[in-house]
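Let the sequences and hints guide you as you build the complete structure.
2 protein chains.
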Amino acid sequence: MLRLQHIAKTGEKMSTPALQPLKHENKPATDSLAAAMQALKLMLGDRYSVSESVRLVHGKGEAWHAPQLPDCVCFPESTDEVSRIVKICAEHRIPVIPFGVGTSLEGHTIAPLGGVSIDLGRMNQVLQVHPADMDCRVQAGVTRKQLNQAIRDTGLFFPIDPGADATLGGMTATRASGTNAVRYGTMKDNVMSLTLVNAAGEIVQTGGRAKKSSAGYDLTRLMVGSEGTLGVITEIGLRLHGMPEAMMAAVATFPDLGSAVATVMDTIQVGLPIARIELVDRDTVQAINSYSKTDYPVRDTLFLEFHGSERYVEEQVELFVELAGSHGGSDLEWARHEEDRNNLWQARHDAYLAILAKYPGTQGFTTDVCVPISNLAEIIEFIKAVLVDSSLEGHILGHAGDGNFHIVFCIDPEISAQVDEVYRVNDLLIDKALEMEGTCTGEHGIGFGKLKYMRREHGDEAIAMMQAVKKGLDPDNIMNPGKTVTA
Amino acid sequence: MLRLQHIAKTGEKMSTPALQPLKHENKPATDSLAAAMQALKLMLGDRYSVSESVRLVHGKGEAWHAPQLPDCVCFPESTDEVSRIVKICAEHRIPVIPFGVGTSLEGHTIAPLGGVSIDLGRMNQVLQVHPADMDCRVQAGVTRKQLNQAIRDTGLFFPIDPGADATLGGMTATRASGTNAVRYGTMKDNVMSLTLVNAAGEIVQTGGRAKKSSAGYDLTRLMVGSEGTLGVITEIGLRLHGMPEAMMAAVATFPDLGSAVATVMDTIQVGLPIARIELVDRDTVQAINSYSKTDYPVRDTLFLEFHGSERYVEEQVELFVELAGSHGGSDLEWARHEEDRNNLWQARHDAYLAILAKYPGTQGFTTDVCVPISNLAEIIEFIKAVLVDSSLEGHILGHAGDGNFHIVFCIDPEISAQVDEVYRVNDLLIDKALEMEGTCTGEHGIGFGKLKYMRREHGDEAIAMMQAVKKGLDPDNIMNPGKTVTA
Chain A
67 MLRLQHIAKT
77 GEKMSTPALQ
87 PLKHENKPAT
97 DSLAAAMQAL
107 KLMLGDRYSV
117 SESVRLVHGK
127 GEAWHAPQLP
137 DCVCFPESTD
147 EVSRIVKICA
157 EHRIPVIPFG
167 VGTSLEGHTI
177 APLGGVSIDL
187 GRMNQVLQVH
197 PADMDCRVQA
207 GVTRKQLNQA
217 IRDTGLFFPI
227 DPGADATLGG
237 MTATRASGTN
247 AVRYGTMKDN
257 VMSLTLVNAA
267 GEIVQTGGRA
277 KKSSAGYDLT
287 RLMVGSEGTL
297 GVITEIGLRL
307 HGMPEAMMAA
317 VATFPDLGSA
327 VATVMDTIQV
337 GLPIARIELV
347 DRDTVQAINS
357 YSKTDYPVRD
367 TLFLEFHGSE
377 RYVEEQVELF
387 VELAGSHGGS
397 DLEWARHEED
407 RNNLWQARHD
417 AYLAILAKYP
427 GTQGFTTDVC
437 VPISNLAEII
447 EFIKAVLVDS
457 SLEGHILGHA
467 GDGNFHIVFC
477 IDPEISAQVD
487 EVYRVNDLLI
497 DKALEMEGTC
507 TGEHGIGFGK
517 LKYMRREHGD
527 EAIAMMQAVK
537 KGLDPDNIMN
547 PGKTVTA
Chain B
67 MLRLQHIAKT
77 GEKMSTPALQ
87 PLKHENKPAT
97 DSLAAAMQAL
107 KLMLGDRYSV
117 SESVRLVHGK
127 GEAWHAPQLP
137 DCVCFPESTD
147 EVSRIVKICA
157 EHRIPVIPFG
167 VGTSLEGHTI
177 APLGGVSIDL
187 GRMNQVLQVH
197 PADMDCRVQA
207 GVTRKQLNQA
217 IRDTGLFFPI
227 DPGADATLGG
237 MTATRASGTN
247 AVRYGTMKDN
257 VMSLTLVNAA
267 GEIVQTGGRA
277 KKSSAGYDLT
287 RLMVGSEGTL
297 GVITEIGLRL
307 HGMPEAMMAA
317 VATFPDLGSA
327 VATVMDTIQV
337 GLPIARIELV
347 DRDTVQAINS
357 YSKTDYPVRD
367 TLFLEFHGSE
377 RYVEEQVELF
387 VELAGSHGGS
397 DLEWARHEED
407 RNNLWQARHD
417 AYLAILAKYP
427 GTQGFTTDVC
437 VPISNLAEII
447 EFIKAVLVDS
457 SLEGHILGHA
467 GDGNFHIVFC
477 IDPEISAQVD
487 EVYRVNDLLI
497 DKALEMEGTC
507 TGEHGIGFGK
517 LKYMRREHGD
527 EAIAMMQAVK
537 KGLDPDNIMN
547 PGKTVTA
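Chains as they are written, first to last, in this note's numbering: chain A, 67 to 553; chain B, 67 to 553.
No lab work stands behind these hints: they were computed from the structure. Being a predicted model, the structure only gives us computed values, none of them experimental. A few of these clues could be false.
For chains that are exact copies, the list does not tell them apart, and a pair is met inside one copy or across any two.
[As the list claims (entries may be wrong)] Pairs of lysine-lysine, DSS-like flavour, derived with a Cα cap of 30 Å: (1) 153 / 93; (2) 359 / 450; (3) 537 / 93; (4) 93 / 498; (5) 107 / 153; (6) 498 / 450; (7) 107 / 211; (8) 450 / 518; (9) 518 / 359; (10) 153 / 537; (11) 211 / 518; (12) 107 / 498; (13) 211 / 424; (14) 424 / 93; (15) 153 / 450; (16) 450 / 93.
Structure representation (structure tokens):
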């Protein structure tokens, strides 16, 4: 607690806009808030909390943004309860902030205007599984690992894997993706339908179970990525995929980042349907070895996975080996068995923690640009040149097959020079990505942390269009205010 | 002309709501209209027309809905011109109806309130092709065949194939799909970005060229399927796909529809990545043979296509033959060479015309439900039982791999008993599909013809949400009014 209070306090002195507390002019009047809180307490009993420690957990994400606490936290157990909570908030015009397990990296769950955090963690039932149609329906608080455990015996799996064991509600709300997206798409491609509670507290069903539909506006896709600003997602219909007959994971190392990236580009361009192709630079490999007690060669590396029938995986592997070889790839290490594959991917997923462990006492700041694949080598070279002249040390890793990569910086948010520098570098990176018709965020979302890039990326007209949608669906701006799209 | 006027006249007597002319209470005042038309004429010169024959072409689609003519037709050549046209219409509150090549089946292009038809046919430039990133950018008037011709030398192709050589603008606006969707998805999955002109006449860019993004609301997906009711789409960024090394088409026949459907379900459920799997019932095969001078065995049939490497196609074919065999599939006829494949698919695509040719003087009415694949056999059995007791003869064909199929009825729209019966049967079919969590339209869209099913499919709350979006983006209801979502 002490440490966090300290950050919040020193945060006021900082020069970077995204770190300053939002102005609280729009905060609801104290008596409205008190009335709403009274009604919620009455409704939920011990599933309502104003404890500071509970509010703190809900007023921050995994990244370094200074926590901003909600006034209370509710723990509903059904869509109907969420509806009743939002109705109370709507009546009193109190902010509503949905919360999954708090793995957000862009401050989606912080409460700049206070209000009510709705923790969906108790809504964790897998409601339906339809093996023959390869789909399922879950409550928003189910995590991706929990879902995969629940459907283990069906021969199906849910592929989207952002690393963290996030809730499917949170993944839907942020349009998450991760290592498998190169083959299986993002949440945009795998959410079929939703139950949501709108800003008036009404329960809305979107989509259905047909594989396709041309019946009106795609409300499901509008909600995917809306980050709680258009409604609270309470149930999700998801597409599942057949567990491949064979899976082969591998690690391949390269003389330099450029060769690794060239291999990624070739792999995509020949249409090899690779399931995962992850770029990890040599410094990050070193951090992984140290953190995960592995002994990968300390070189620029690709972590790979191939899915298909036995014969087809073999064919893909042959083709990949040829492509990698032509760019100096070597040290190919193969993992066929589930345990070996899991170890390999756990090491890759722990890269963020491994990097943080190198710099004790710091917090992570992660960039997230995504560009057309033909620009990937150029933008990585560009940012490496920027970093040569910077005081920052960056670790590069990411979902290279989609043109999406992260640079992880470990900084002390109390040192404003470090904060300023990290923003300067990220600004340059994002400008370059936008120049290449890319995006400031491939998968982490906008939340609070990337708000200032929205207009630069989309232009005034598209922002006005988003604002009109927001205004139409949440006229009193109570749904996760201050995030994604602001007035 | 005579015939069409006659239909419009007799239409007034008919009992079915969708056939009655819309009430014209909301028609713009005559002087506003005259002022707008004067301004448009001045702006466009001979690219502006009030000729009745031109207006008639633009006031109808390919289906049987009685034509309703716009007051004039504009032929812009740039997004900027579309913007200027819409600004004039916005100023005078005149309806704006976008038009591609008029292959719509649900009356999307008719003008129930009159107004200005914007024909995008002259905006037919392929603007950019990026082979390395497998994407391109086209003007809205480019047709799918034109695009595939233009990119022939790149080794890439655009897969979405609704049969008709529709414009990519129209396909985007209706969220079209077709025979390849089972493998390559629908327009929802293949549109990356858009340029559109909004209801105020402003030019808006949505999306970018990155393979994924989590930056704010997915305006691109909101526009896909919005049928001209939220803006005029003028440019489209599209994902392309690598031309497979090998393609194999085939025809397989079955003892009955149930066996063919069971084969489709097995194929999808084992995860065979089939590129096309089209169901055609025996009566339709007979019609095709007669129309296209082919000699397919007159049995319930699947038209198939496999894509991949040589070895992988071989593996898929082996697996399929095994599955089909277990359901009595036989007479497998293979087409490997491009010309043979093209002939096979041309015959399949001409099925609609072949059926119409069987009943001279009639017009086609096509159903379009889509259900979860495990329900496909049941709903086809259900509707066949309904048809046993009906005066109608229906031909069944469709994209069975997606759970989407059509029944084509050939009717004389002047005989109200036939019209009533076709609606009665479609109502039963749609109720059944919705009971199965399916949709009233897998790919043809809502337009004007399926408006009455929207509330039944989505419920009051989702319709209210669509209305709020429509109101927010088109407050004066000038964009294709009376379609998709009405107030």
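We went through each hint and held it up to the structure:
no.	hint	in the structure
1	153 / 93	within (18 Å within a copy, 39 Å between copies)
2	359 / 450	within (28 Å within a copy, 64 Å between copies)
3	537 / 93	both (18 Å within a copy, 28 Å between copies)
4	93 / 498	neither (37 Å within a copy, 49 Å between copies)
5	107 / 153	within (14 Å within a copy, 52 Å between copies)
6	498 / 450	within (13 Å within a copy, 59 Å between copies)
7	107 / 211	neither (32 Å within a copy, 62 Å between copies)
8	450 / 518	within (24 Å within a copy, 58 Å between copies)
9	518 / 359	neither (39 Å within a copy, 63 Å between copies)
10	153 / 537	both (18 Å within a copy, 23 Å between copies)
11	211 / 518	neither (33 Å within a copy, 42 Å between copies)
12	107 / 498	neither (49 Å within a copy, 44 Å between copies)
13	211 / 424	within (28 Å within a copy, 56 Å between copies)
14	424 / 93	neither (40 Å within a copy, 70 Å between copies)
15	153 / 450	neither (50 Å within a copy, 47 Å between copies)
16	450 / 93	neither (43 Å within a copy, 61 Å between copies)
When each numbered hint is compared with the structure, violations occur for hints 4, 7, 9, 11, 12, 14, 15, 16.
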